[in-house]
Amino acid sequence: MNMALDAYEGASDEALLVLYGNGDAVAAQLLTQRLAPRVLGFATRLLSGDRAEAEDVTQEAMLRLWKQAASWRSGEAQVSTWLYRVVSNLCTDRLRKRRTVDLDAAGDPEDGQPSAVENMMDVDRATALQGALNRLPDRQKVAVTLRHIEGATNPEIAQIMGISVEAVESLTARGKRALAKDLAGRREELGYGED
Amino acid sequence: MVKTDKQPMQDNELDLFFDAARRDVAAPSDTLMAAIMADAQAQMPVVEPLPTSKTHKMGLFASIWSAIGGLPAAASLATATVAGVWIGFTQPVQLETLSGGLVLAGDYVTTDTTYALEDLAPGYLGTTLFAEDEG
Chain A
1 MNMALDAYEG ASDEALLVLY GNGDAVAAQL LTQRLAPRVL GFATRLLSGD RAEAEDVTQE
61 AMLRLWKQAA SWRSGEAQVS TWLYRVVSNL CTDRLRKRRT VDLDAAGDPE DGQPSAVENM
121 MDVDRATALQ GALNRLPDRQ KVAVTLRHIE GATNPEIAQI MGISVEAVES LTARGKRALA
181 KDLAGRREEL GYGED
Chain B
196 MVKTDKQPMQ DNELDLFFDA ARRDVAAPSD TLMAAIMADA QAQMPVVEPL PTSKTHKMGL
256 FASIWSAIGG LPAAASLATA TVAGVWIGFT QPVQLETLSG GLVLAGDYVT TDTTYALEDL
316 APGYLGTTLF AEDEG
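Heads up: the sequence lines are chains A and B, in that order. At position 20 of the first sequence the residue is numbered 20 (the numbering used here), and the sequence of numbers has no breaks. Each position in the second sequence, counted from 1, maps to that position plus 195 in the numbering used here.
Honestly, the hints are just simulated from the structure, not real lab data. Given the structure is predicted, the values throughout are model-derived calculations rather than measurements. All residues carry an ideal CB built from backbone N, CA and C; glycine is no exception. It cannot be assumed that every hint is accurate.
Claimed, not checked - Quick look at which bits of chain B chain A covers, simulated, 3 or more residues with Cβ under 8 Å:
| hint | region |
| --- | --- |
| 1 | 202 to 209 |
| 2 | 259 to 265 |
| 3 | 272 to 283 |
Claimed, not checked - Cut-off 20 Å, straight-line C-alpha distance, at most; resulting in silico cross-link-like pairs (EDC-like, lysine to aspartate or glutamate):
| hint | chain 1 | residue 1 | chain 2 | residue 2 |
| --- | --- | --- | --- | --- |
| 4 | A | Lys67 | B | Glu243 |
| 5 | A | Lys181 | B | Asp225 |
| 6 | A | Lys181 | B | Asp210 |
Work the whole structure out from these sequences, hints included.
Here it is as structure tokens:
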């Protein structure tokens, strides 16, 4: 099995999806290893750090990918772009259902989540940023997360969100300004009080 | 210089937060990975195997029938046979009519003019050679 995984290592996501569509389970395993962590990270950020709900979204998004495999149109969109769009829509739907919940109450991520970050300063920064992201309007939050954390390009974000590149630039610019203003209030708390 | 809470963060300061967030990625649990793979197995399209060649034994007639190309070939063969019989039995005047006078010039049926084979193909029966021997 590992030899088969190694053989597919250089294959693109799209090639692996086509292989899966032809009944190749090893391709599915490699796609899961590549995409699930990214999807989970993105969903976790959009869902204000709710890990359990993010896992549900991840499984649902991957399930939709498997269902799409047989009719995947080659060259139309990148697999990761398609997945981000699905995740974004799923998270937006769930956030809408949460609207009755007080934003401040849902502001900060839960404590005690497993984290790869060992540096406490990084933990504080990541937590503070998540809190500030949670206070952004949904569309700004999605655009800023995709641009500055997931590393997507503006045209990719435009494709994911179904808007123009100019609209993406506007959303990310406003989102960053709001974050800069919000996080400035926590400078001293985060040890930025002095140069 | 001391930065106050009223001054928005600069891009380089904000980038530190984004960098920290990028590093703050929790790996998916084994349970989640297993659930995703179970879905993948359940949804995996079933690919029909390619049909294998059938090696059943054919009878003599079936073999001949297959060798000559089946029904289309048999139909062509029948047509060619009927056409051959028709050409063989019809009178030359009909051939004359069909050929527009090119094959047999003149009224072949009603005149007394007849042609021997050597008239039509003088060299074919070697008459030229006989003449040369006599001379």
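If you check each hint against the structure, which ones fail? Violated: hints 2, 3 and 5.
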